[in-house]
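Asker: Based on the sequences and whatever the hints tell you, model everything.
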Amino acid sequence: MKDFNYHSAKDIKEASKLSSSNSAFLAGGMTTIPSMKLGLASYKDLINIKNIKKLSGIKVSAKSVTIGAITKHVEVANSKEVKKAIPSLANLAEGIGDPQVRNRGTIGGSVANNDPSADYPSACIALNATIHTNDRKIEASKFFKGMFETALKKGELIEAIEFQIPEKSSYQKHPNPASRYAVVGVYVAKHKKDVNVAVTGAKPCVYNDKDLSKALSNSFSSSSIQNMELDSSDMNSDIHASAEYRASLVVTQAKKAVDAC
Amino acid sequence: MKRGSMRKVTLEINGKKIEKEVQDNTLLSTLLREHLNLTGTHIGCDTSQCGACVVHVNGNSLKSCTALATDIDGSKITTIEGLATNGKMHPMQEAFKKLHGLQCGFCTPGMVMSAVDLLQKNKKPSDTEIRDWLEGNICRCTGYQNIVAAVKEAATKM
Chain W
745 MKDFNYHSAK DIKEASKLSS SNSAFLAGGM TTIPSMKLGL ASYKDLINIK NIKKLSGIKV
805 SAKSVTIGAI TKHVEVANSK EVKKAIPSLA NLAEGIGDPQ VRNRGTIGGS VANNDPSADY
865 PSACIALNAT IHTNDRKIEA SKFFKGMFET ALKKGELIEA IEFQIPEKSS YQKHPNPASR
925 YAVVGVYVAK HKKDVNVAVT GAKPCVYNDK DLSKALSNSF SSSSIQNMEL DSSDMNSDIH
985 ASAEYRASLV VTQAKKAVDA C
Chain D
80 MKRGSMRKVT LEINGKKIEK EVQDNTLLST LLREHLNLTG THIGCDTSQC GACVVHVNGN
140 SLKSCTALAT DIDGSKITTI EGLATNGKMH PMQEAFKKLH GLQCGFCTPG MVMSAVDLLQ
200 KNKKPSDTEI RDWLEGNICR CTGYQNIVAA VKEAATKM
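Each protein sequence line maps, in turn, to chains W and D.
Count along the first sequence from 1, add 744, and you get the number used in the working numbering.
Count along the second sequence from 1, add 79, and you get the number used in the working numbering.
Fair warning: there could be bad hints in the mix.
Examples of chain W residues lying across from chain D (beta carbon under 8 Å, computed) [unchecked claim]:
#1 Phe748
#2 Asn749
#3 Tyr750
#4 Met774
#5 Ile777
#6 Pro778
#7 Gly801
#8 Ile802
#9 Ala806
#10 Asp842
#11 Gln844
#12 Val845
#13 Arg924
Since the hints were made in silico from the structure, they are not lab data.
Virtual Cβ for every residue (Gly too), placed ideally from N, Cα, C.
Answerer: Next up, the structure:
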């Protein structure tokens, strides 16, 4: 791993001040450190944000669940409040990576990284999340821009993620058996007015499948999407699954999610 | 400032307080193996997948090849060397030995450390819960049958 300077910020202001065009914020480091070890990323400065108390914790109100950026997956998975308000979200956290990753990895890190196969971005889309940064509030639908790309500007720090509590929801993942990343993961959330069907793993970036959402908004039952065939032309194709298989998996996982709601 | 400056970290490792100068990019696994000669912690894949390098940091299991030593300054660490007490093996080690929960032994330190963490959190895990928990530990020899049996046996002793 190439040399860098390590800093530990006491508060958000200091973290922001230390950041530059050649720095990264370090929370759990579950992607940052392996990427640096493999030479896929290098930074002049790494800024530890784990000691900033304001970035941690879970708050639940009547309408939303707000989770601090450095809250670990294990904390979300075990949170009684999250389990009660949005059980599917706790369930999603429980299925990320392995226990060691969940003991260290954070929600803010996962969202900021926007891996095409990560779990949390689908929760953000399905649950109409708002990403709170040190500068502004960004709607999830405008946050995830492309593969590993988000609306975050250089030095902009995620403080918390606010999820809208749905009427019903479920996340169904077809995991890669080795890494537990989603080959395809589908997060279905039924809100008062409409249904979101957020899909991860299938395309270069998480997205809300408009056709599935529309069909389920009209009739919330798995039979209403039973025979749907999705366009696979812009889906990922690799050694794990072909684009056609992924297209089929999206419908299968969506049906499972609706049935589990 | 020159990149990668030296920094002093203070850690409690297996009950002993240790101060060491490390570089900013020194991994915890490197500190343990190369600076402190605690070579029971193994490096398998070095990409945080195989789990041979699992140690406990403040009571929770963690892959030491994916943590910076500087980043866990002030923590309490337990490695495989710290499990035995007064020369007597930990019940998990005892169970792995008795039930042949290993063949080549390379993955064993990480397996044992992960399994001990599981029993701290779930005193009577089912077979499925054991297999789920050990998904971050890869063994190329045993087919996991005896590993699962060993964890179950240890659960009756801990």
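Asker: If you test the structure against every hint from before, which numbers come out violated?
Answerer: Hint check: 7, 8 and 9 fail, others pass.
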